[in-house]
Each structure stands twice: as C-alpha cells, then as structure tokens.
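Kindly produce the complete structure, drawing on both the sequences and the hints.
Going line by line, the protein sequences match chains Z and X. Each residue of the first sequence is one higher than the one before, counting from 1 in our numbering. Each residue of the second sequence is one higher than the one before, counting from 1 in our numbering.
If you're looking for bench data, these hints aren't it; they were derived computationally from the structure.
Since the list can't tell identical chains apart, any single copy or any two copies may satisfy a pair.
Distance condition first, Cα-Cα at most 30 Å in a straight line; then the derived BS3-like pairs of lysine-lysine:
#, residue 1, residue 2
1, K262, K149
2, K221, K143
3, K453, K395
4, K75, K58
5, K59, K258
There are 2 protein chains.
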Amino acid sequence: MTILSFLSRASRGFQGYTACSKLLILCTLSSGGLVAYSESHPDTGTPGVDPNQKELKKKRVLVLGTGWAATSFLKDLDASLYDIQVVSPRNYFAFTPLLPSVTCGTVEARSIVEPIRNIVKKRRGEVNFWEAECLKIDAANKKVLCRSKIENNLVGNREFSLEYDYLVVAVGAQVNTFNTPGVEENCHFLKEVEDCQKIRRTVIDCFETAILPHLTEEERKRNLHFVIVGGGPTGVEFAAELHDFFEEDLSNLYSTVKDLVKITVIQSGDHILNTYDERISSFAEQKFNRDGIDVQTGCRVVSVSDKEVTMKLKAKGEVCSIPHGLVVWSTGVGTRPVVKDFMEQIGQGNRRVLATDEWLRVKGYKDAYAIGDCATIDQRKIMEDISSIFKAADKDNSGTLTVREFKEVIDDMIIRYPQVDLYLQNNHLSGVTDLLKDPDGHDREEVDIEQFKLAFSHVDSQMKSLPATAQVAAQQGAYLSRCFNRQQQSQDNPEGPRRFRGSGRHKFRPFRYKHFGQFAPLGGDQAAAELPGDWVSVGHSTQWLWYSVYASKQVSWRTRMLVVSDWTRRFIFGRDSSRI
Amino acid sequence: MTILSFLSRASRGFQGYTACSKLLILCTLSSGGLVAYSESHPDTGTPGVDPNQKELKKKRVLVLGTGWAATSFLKDLDASLYDIQVVSPRNYFAFTPLLPSVTCGTVEARSIVEPIRNIVKKRRGEVNFWEAECLKIDAANKKVLCRSKIENNLVGNREFSLEYDYLVVAVGAQVNTFNTPGVEENCHFLKEVEDCQKIRRTVIDCFETAILPHLTEEERKRNLHFVIVGGGPTGVEFAAELHDFFEEDLSNLYSTVKDLVKITVIQSGDHILNTYDERISSFAEQKFNRDGIDVQTGCRVVSVSDKEVTMKLKAKGEVCSIPHGLVVWSTGVGTRPVVKDFMEQIGQGNRRVLATDEWLRVKGYKDAYAIGDCATIDQRKIMEDISSIFKAADKDNSGTLTVREFKEVIDDMIIRYPQVDLYLQNNHLSGVTDLLKDPDGHDREEVDIEQFKLAFSHVDSQMKSLPATAQVAAQQGAYLSRCFNRQQQSQDNPEGPRRFRGSGRHKFRPFRYKHFGQFAPLGGDQAAAELPGDWVSVGHSTQWLWYSVYASKQVSWRTRMLVVSDWTRRFIFGRDSSRI
Numbered sequence: 001m002t003i004l005s006f007l008s009r010a011s012r013g014f015q016g017y018t019a020c021s022k023l024l025i026l027c028t029l030s031s032g033g034l035v036a037y038s039e040s041h042p043d044t045g046t047p048g049v050d051p052n053q054k055e056l057k058k059k060r061v062l063v064l065g066t067g068w069a070a071t072s073f074l075k076d077l078d079a080s081l082y083d084i085q086v087v088s089p090r091n092y093f094a095f096t097p098l099l100p101s102v103t104c105g106t107v108e109a110r111s112i113v114e115p116i117r118n119i120v121k122k123r124r125g126e127v128n129f130w131e132a133e134c135l136k137i138d139a140a141n142k143k144v145l146c147r148s149k150i151e152n153n154l155v156g157n158r159e160f161s162l163e164y165d166y167l168v169v170a171v172g173a174q175v176n177t178f179n180t181p182g183v184e185e186n187c188h189f190l191k192e193v194e195d196c197q198k199i200r201r202t203v204i205d206c207f208e209t210a211i212l213p214h215l216t217e218e219e220r221k222r223n224l225h226f227v228i229v230g231g232g233p234t235g236v237e238f239a240a241e242l243h244d245f246f247e248e249d250l251s252n253l254y255s256t257v258k259d260l261v262k263i264t265v266i267q268s269g270d271h272i273l274n275t276y277d278e279r280i281s282s283f284a285e286q287k288f289n290r291d292g293i294d295v296q297t298g299c300r301v302v303s304v305s306d307k308e309v310t311m312k313l314k315a316k317g318e319v320c321s322i323p324h325g326l327v328v329w330s331t332g333v334g335t336r337p338v339v340k341d342f343m344e345q346i347g348q349g350n351r352r353v354l355a356t357d358e359w360l361r362v363k364g365y366k367d368a369y370a371i372g373d374c375a376t377i378d379q380r381k382i383m384e385d386i387s388s389i390f391k392a393a394d395k396d397n398s399g400t401l402t403v404r405e406f407k408e409v410i411d412d413m414i415i416r417y418p419q420v421d422l423y424l425q426n427n428h429l430s431g432v433t434d435l436l437k438d439p440d441g442h443d444r445e446e447v448d449i450e451q452f453k454l455a456f457s458h459v460d461s462q463m464k465s466l467p468a469t470a471q472v473a474a475q476q477g478a479y480l481s482r483c484f485n486r487q488q489q490s491q492d493n494p495e496g497p498r499r500f501r502g503s504g505r506h507k508f509r510p511f512r513y514k515h516f517g518q519f520a521p522l523g524g525d526q527a528a529a530e531l532p533g534d535w536v537s538v539g540h541s542t543q544w545l546w547y548s549v550y551a552s553k554q555v556s557w558r559t560r561m562l563v564v565s566d567w568t569r570r571f572i573f574g575r576d577s578s579r580i
Numbered sequence: 001m002t003i004l005s006f007l008s009r010a011s012r013g014f015q016g017y018t019a020c021s022k023l024l025i026l027c028t029l030s031s032g033g034l035v036a037y038s039e040s041h042p043d044t045g046t047p048g049v050d051p052n053q054k055e056l057k058k059k060r061v062l063v064l065g066t067g068w069a070a071t072s073f074l075k076d077l078d079a080s081l082y083d084i085q086v087v088s089p090r091n092y093f094a095f096t097p098l099l100p101s102v103t104c105g106t107v108e109a110r111s112i113v114e115p116i117r118n119i120v121k122k123r124r125g126e127v128n129f130w131e132a133e134c135l136k137i138d139a140a141n142k143k144v145l146c147r148s149k150i151e152n153n154l155v156g157n158r159e160f161s162l163e164y165d166y167l168v169v170a171v172g173a174q175v176n177t178f179n180t181p182g183v184e185e186n187c188h189f190l191k192e193v194e195d196c197q198k199i200r201r202t203v204i205d206c207f208e209t210a211i212l213p214h215l216t217e218e219e220r221k222r223n224l225h226f227v228i229v230g231g232g233p234t235g236v237e238f239a240a241e242l243h244d245f246f247e248e249d250l251s252n253l254y255s256t257v258k259d260l261v262k263i264t265v266i267q268s269g270d271h272i273l274n275t276y277d278e279r280i281s282s283f284a285e286q287k288f289n290r291d292g293i294d295v296q297t298g299c300r301v302v303s304v305s306d307k308e309v310t311m312k313l314k315a316k317g318e319v320c321s322i323p324h325g326l327v328v329w330s331t332g333v334g335t336r337p338v339v340k341d342f343m344e345q346i347g348q349g350n351r352r353v354l355a356t357d358e359w360l361r362v363k364g365y366k367d368a369y370a371i372g373d374c375a376t377i378d379q380r381k382i383m384e385d386i387s388s389i390f391k392a393a394d395k396d397n398s399g400t401l402t403v404r405e406f407k408e409v410i411d412d413m414i415i416r417y418p419q420v421d422l423y424l425q426n427n428h429l430s431g432v433t434d435l436l437k438d439p440d441g442h443d444r445e446e447v448d449i450e451q452f453k454l455a456f457s458h459v460d461s462q463m464k465s466l467p468a469t470a471q472v473a474a475q476q477g478a479y480l481s482r483c484f485n486r487q488q489q490s491q492d493n494p495e496g497p498r499r500f501r502g503s504g505r506h507k508f509r510p511f512r513y514k515h516f517g518q519f520a521p522l523g524g525d526q527a528a529a530e531l532p533g534d535w536v537s538v539g540h541s542t543q544w545l546w547y548s549v550y551a552s553k554q555v556s557w558r559t560r561m562l563v564v565s566d567w568t569r570r571f572i573f574g575r576d577s578s579r580i
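Here's what the structure looks like:
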C-alpha cells in the first residue's frame, strides 16, 4: 500500500471532520513512525471484508475484462474518484496483435503479456482485481455473479457476487464457428495466449510424428498439411509465420520430410485480406503464390473431422475433402453467453451484438457501458432527427434556413452525426454550403425543410460499424475513462454538441474513432500497410515500420524490451523447436 | 543434408570399389551440378525407408534419452563412425540445474532448453532422432520397442521397434514417492520442464484464490501455505526462489494477503543440505530462519491429501497435519519401469539400480552401456583381486614384494581401483611406500601376502557411489563418447591399466569422476558453494560466481544469451506474475 492510498483511506474515515483529517495528514507527514506503520501493516484486515460492505461514499465501478478496451480504460481512469473492481478470468493483459507471432515462437508468450495488477497498481487510489469469470449480470439488482476458474485443491467459495453503480462491459467476443460440425472439437483457434502455445506444440508434434519410421508417404503428407480457415489478417499472418518457421528453422532440422509440407488457406470470399485495400490483397496473394502457400478462395468449410476438412466450392457447388494435420480456425466473431443473457434482460434480445449509443452507454439500461469487441455503436441516423435539427437551426422561425443559420449548427451536427463528416470527405465537398446547393449545383440562399431533408438524404448511408480491432477497443477505453474522470466537471460545463431534441448541450462529445491504418505482415520480413490518407506501403521497409510501431505500442517497458529482444534472438539464432 | 554426408552415403554404396569411390569424389568435387543436386533433393526417399533395413555396414548405436548423459555423449560422438539413433519422449535437452529458477520465472522455461536436433546436427554424419518413449528393451534380440507419446489426430503407427548393435541407456531416474499415500495425486514434482511451468501457474493460482472476496482468514492462510518435502539442493533452492518471488514481486501486487504467506521445508534428516559441508548446511538454516522460512527437520511425511500434509516427528513419534495450498515433493530417485524390466532380463532383478562396471558397461549384458542417473557403477573391491595383484607384482616369484616391485604396479592399481587414491588422500599418506609401513610406522623393505592384504584392508571402505547429479552424468557421457570414438585405436594400443586377472591391458582407462564442487543458491542473491579442495564460500559473491558458472555451462550460445537476458530482465523489471 502506498502512503497516498493509506492517507486517502484514512481521510475517508474522517470524512466530514475536515479539521481532523488535516491534522491526520499533518501528523502523518511529520511522523516517520506512522508512515512506517502504514508500510508494514497495510490492510491486513481487508481481505476478510466483504467488498460490498465497504463504506460506499465513492461510486462503485465494476469492469468486466482485461483486454484492450478494459486495460485502456483502467490505465487512464482516476482511481481516486471511484471504488474500482475488475473481474476477468485472465490476470493479465495480452498484446493480441502479436498472437500470430507467438504460434511459431517468433515472439514468446510471456513477452506480450503484462499482469493487470502491474498496470493498475500505479494509479492513485486502489483497484481491486479478482481473477474470475463473470457468469451473469443481474441488471435489475445491479449485481454481477462471478466464479473463480481455478480448478485445484485450493479452498474457499468459488462463486461470489459484486455490486456496482456503474458497469463497464469489456469482455470481448468469442470465436464464431457458424455451427459448422466438428470445428469446436478439431480446430485450433487464435484468440487467447493459450491457443497460440497449443498451436506451437502441435506444429512440432506434426513434424515429430511425420518423421517417425514406418509411416507411409501419404501419412507423412497428411501430418504435414496445415490448413487455415479464414483469410483475414490473423489467418494470413499465421500462414506467413508458419511458412517462415518452416523455411527458416524446421526445414534444416527435419530435412527428410521437408518436401512434404503444405500450407493451405481457405477463404470464403474472392480474395484474402478483403477488408484491406485491393493492392494489398493482390500483393499478399502473389507473395503467397511465390511462397507455395495454397490459397483456396470462394470455398466454404462445411465440416471438420479429426482427419479431414470438407469444403464446398461456391462457384461449382462441388464438395471436396482435404486431409490435415492441423486446422486453425480464424474467422468470425460471436457474442459471449453472458452478454447474450444480459441483452435479453435489457430488451436487446433480438439483436446479434450488444448495442450502445455514441457515448458507449448500453442502450436500454442506465449506468452500464460497453466497449471493445463485445459491443457495437448504434449510430443515430440523421434522418430521424432532421425535423428537430431544422427547427433548432431555424432561429427566426421563418420556415427556411439561411446559410448563416445553417453554419451555426453544422459544427454540432458534425460532432453528433459523424456520418456527415464522412459524407463530405467521400464526396469531396469542400464546405457545408456545398450541401445546400440545388440539384444543378448552384448556391442557394435559403432552403426549406424538404430541400434540407433532401440534402441529407444520402448521408446516413455512410454509417458503418467499427471493425473488431484492438485499435477501436483501445480508443473506446481511453474515451470512456476521460468521461469518467470528467463526470463532475462536465455536469457544470457540458462539452458535447447541442441537443437537437431537447435543450442544452450533451455532457460529452460522442465517441469518434480515428483510424491510424493497419498492417498485414506477410512473412519473409515483408509486410503490407494501409496508412491514413489512402496510402499503401508494401515490402521490407514496411516490415521495419511494423517492428517500430508494434514495439512502441507495447503496454510496458518490460514487454517492449522482451519483444525487441525476442526479435533480435530470432534474427540471430532462429526460432526454438523444443516441444514444451 | 550436407555435402559431406552425401559423399559418405554415396561412398558407402561403392564400398569395396575404391577406384570407383575415388572417381565419384573427384566427379562430385569438380561438378557443381551434382553437389547442387545433392543440396536440392536431399534424402526425399529416406523417411519411408525402414531404419532397420538400411545398409548396415556401420555398427548401430541406439541412445535412449536426451538428458545430461545422453546429450554429452552425443555431442562428442564421432557420427561418421556409427549409425546413430536417439529415442526420447523429449525432443530437447534441458539445463536441469536451472529448473528451480523456472518455477518462479527468474528464468523462462525456453531459455534452458535446446532442441536435440540442433545439438546433433553439426556432427559429421547423420544422427536420427525419434520423439518416442522406450517401452521395452528386448535384450535377447537386441531390439527396443518404442511408442510416440503424441496424443492427437495425427496418423501413423505409434509403435515401432529399433535394432541396435550397441545400446546406450541414459533414460535418467524417476521420482521416488516411497509409496507414500497421496503423493502421486497431490504433489508437484521438480523433474521436468513441464513440472516447473505447472508449479509457476499453481503459485499464482494460490495467490489469486487467496485474495478473492468472501474467504475466511483460515482459508486464505491455507491457500498461501507452500510446503516443500525434501531439504536437498533442489528443495532448498525452490524454497529460496519462492521466497524471493514473493518478497520481491508478489507482495506488492497482493499486498492485502501478504502477511498470510508461509513457506515450510520438511526434511527427514537433522539438517537441510545434509550432503553439503556442515558450514553450508548451518548457513542455509540460519538464512532461512531470518527469511521466515520454516524448516522442520527430523520429520517424515506419512501421507498427503488434497488439503493436508501428515507427518511424523521422528524424535517424539507424534503425528501431525498441516494444511497446504501447494506441496512440492523433491526427494528420492527411483528406477524407471523400462530399466527395471531390462534388469530382470539380464539377471540384475535383485538390485535396486542398474549396475555397470567401471567402463560403464552394463553388468551381465554385452554391448549395453548405462550412463547418468539410471545406473550406478559397481566398483570392484581391491580385496577381491588382492591375490592376483600380489602375484602379478611379484615378478621374481619370491613370495614377497619389494618396494621396487610394488612401485611398478601401483600406478595401474590406482587407475583400476580409484579407492586407493582416495584412501591415500584421506589418510594424508604422502606416497605409496607409506602403505607398506609396519604397524609401528617403520618402513619395510619387503612384504608378504598377508602383510600386503593388511595394508589394503581398509581401502575398499573408501568406495562410495556417485551422486545423481548433472555433473556426473555429463562426465560419463563425455567419457563414453571418447571410448566409442577410439574403439579402433584402442584395440591395437590399449590405454587402460594392466589386467591383474589375465594378461595384457584393459582397452580403456576406467571412468573416473572429477568433482568440481557444488552450489546451493539460497535466495536474496546469496549462494553457498563447496569448491574443490575443501573450500566453502557463502554470500553475495558466491551468487555471482554461480551466475558466471551457470552461464558458461549453457549448452548453446542461444540459451546462454537467453539465460543472461532473463537474469537482467529480472533485475530490472522483476518476475512476471501473469497466469499463463
């Protein structure tokens, strides 16, 4: 316990007695003895105390998850303002964009994880972390039921419940198998650190089995056929890593079977990396072609057995099977059962994904927020509010909007409806007055309500949901922590846009995602990158850009050092093929 | 495949046709094409070929194991002389003295392992490795039955058998539970890399469970009670590591429960580290006492349940139980079932451990060698041969031995019976003539057979079996590889001592262990060391000596770099407490 947290705890006890409190601080600062005491007997009584029974002067914030969104939220949250509890089955944050590198030992698993207690311990005030899974959110009673996942002889009640004033749901998504038979049982996934460690061991198993004496050529080939389902960034990166691992390290050690190795990527769309720029997608396909990685596009996997993957060629409708030694399923995101159950409680049962408003507040339930992959922002359509906007803008109640009147509201409109900004950008409209031009392109002095509606009629089509990426989750976490930290200030000085349906201003500006680009490492120390401003960069220099960006984005100096030294180690000595 | 191995393979095919063979080498060296061919299509057909069906001009050496003894043997073995196969369930060599450091993350598991294929690939000629467990040695038919341990969907026959001309048994020992009830089910061990990873996860589990809300103080204490059974070097080092891990890293992160942690070492003897010098043993006890590690000596564990350890205090005969969160069993070595079965086949069924002679040849079975923890050297007693020695030395058949006659055989005696040397050293006898002194200490010119026997009557009591350490195993492996490499030369020029029961000389000198001292790291960057020449060193400087010795002893530059960078990382950032 730090001295600060001791003081804050002590002063909480004296709340209301300001003089006493000041006296205590004075005593403390002038007395080494008291400080020493606080250092040597910190908190001994606390563990036995029910966290729900604490003096609850501060609002209780309960965070579910320790992924990108939750960690980013916790890192910036001012812990002196709230009583913070975190529940997650993982006591660490994992730098997920490097998971494909972990599968082949380019980077070690421990190099990309940081204990959540380390991340939050520096905060002013206290953050309690419980390693447990959230089983159920009891929305009506503002409670969460949790269970520790540790399965051994340790004693104590595994289930406990926690109360909250504010709930932050950041549990992430789970793999979506689309109910394909056999996927759950026979495929590897690429979601958790443990998944990657398992894949790494299995790859070595495939080679060690294939090289054993007395096998037929066909058996060896089957064991050395690696199949990746899903041609998105994760699947493609894993295929590239696996190819490098084999080419650079394993082929020397298992030279007698090296000609039997095959890697196949199965993609349902027409191209791999189809969320990227077309140039990247075709660069990747050409690179894979040169590397001998087989890309099967337009194929849908219909079932996976322990020995074969069965797929349907979309174009011809044919069904064919390929033998495999390892299948990695890296496609689709699904909603976790606990979130699904929560959605049913709050009237979102018909939706596929938990919806929030633009301030990341869960729709239909007060005091819950949802960030990261577990939720999606339900962006309000401008057409729903168009009449209110017109009314608010038309100050003189003339029934028409002058350019001046329009200019007065447009900034607030852009903040409240980000699709307006996107529409202007995508249609290369220089200013807002361009919106009010008549169909022939002439400037207009005034528009009436119908003309106004017409001007915005295509704007809503620009709306699209944000991708399920680390970048989005991290920005949402940071945004939300700022809202929490400024709760009090914004009450008096709202900083958000004008309320078109109501009076005054919104407390905060809505969340706005800023896209910084995305990378796709393609193996052989080459990468492709989509950078802001429609820039595309491919090749070796892009890989070095990737190295610098990923090193700089590490959550701690420890992981940064470890990741960089892992890369160095790989350059000098290659990857380790020990089966541990 | 290297060019060299290609050449040797090709020339094997032409054996007997020396001219042809020379021509082929000439062609090969002058033709880039042929070399290029050998580089691009190496061995494709080999995997399908039954290794027992190969052209067997060279003697087949089958090595069981990839531990210290086997690896040290393989490293130095000249692979061009033999057809070498290695079978082990682990495809890597582990630097076992650092296992206790792995349990708490001071060093990472991957930093102390090196793939066996990497170690042996540099050898001239080829070494085949199969990742499989040896199920049975068929001594009569010179065959070994193996089974792959990989349990997944991979195809191929898991069982196969291998033939050998020479068998090198280096499978190590297994944990000995002394049939104590509950040990197998409820204890952790410290033998394999996986054991250490499991302990590391369980330690974090104990803390994560103990800190959960709604537990009683007693439950928290139970979960945080770490019990180590066995006060040998491994147990003591683990206790020290655990104490450091807690003090330096965990106590800050789990501050609310830090006063409840307890570490107990249970030792059946009167002191911990009782194979070490007394000074080290008492230094360790004092250090543990200061650190608050509870050392219970004179206690024998009678049973272990999932919640309690029951032990008997030897002195009082009392039985008491202590609750635990984690028990590590680090005492006793036992014989593996496969070795036990082999012993029964070769008439060693009554022995506890596989016996070899001083040349490491398995007793009672030709062409098998045993090295490392799985075997013990059955040193021949000098008294068994005393008459033959006398006869051989008494060249003039006078019935008495002059000093000159004695001096002529003493060197060979010392080589053949190392206990003579030990006896001289331990009794501070300056020369061999001291041995022949009469009971009053006067020099004698001649001794008869009875006086000769009397002189050596106490020598055999100096014999003791070698400890089950990495140092012994490594020296045995290196010794045996030298014997294998010099098989041919020694046939013509025997280098061993005179045969007292028979004519001529032994082919090789018997194995002689050279003790370089031993370390005991005690935590808090302090260590104790027993160095050659009855030197004892304790404290911080010894820990630095430990660092240098252990870094220099690493099997590869890769692991050396990793171990050193792990230590550096620990100094700067501490140990990682992520539960992966």
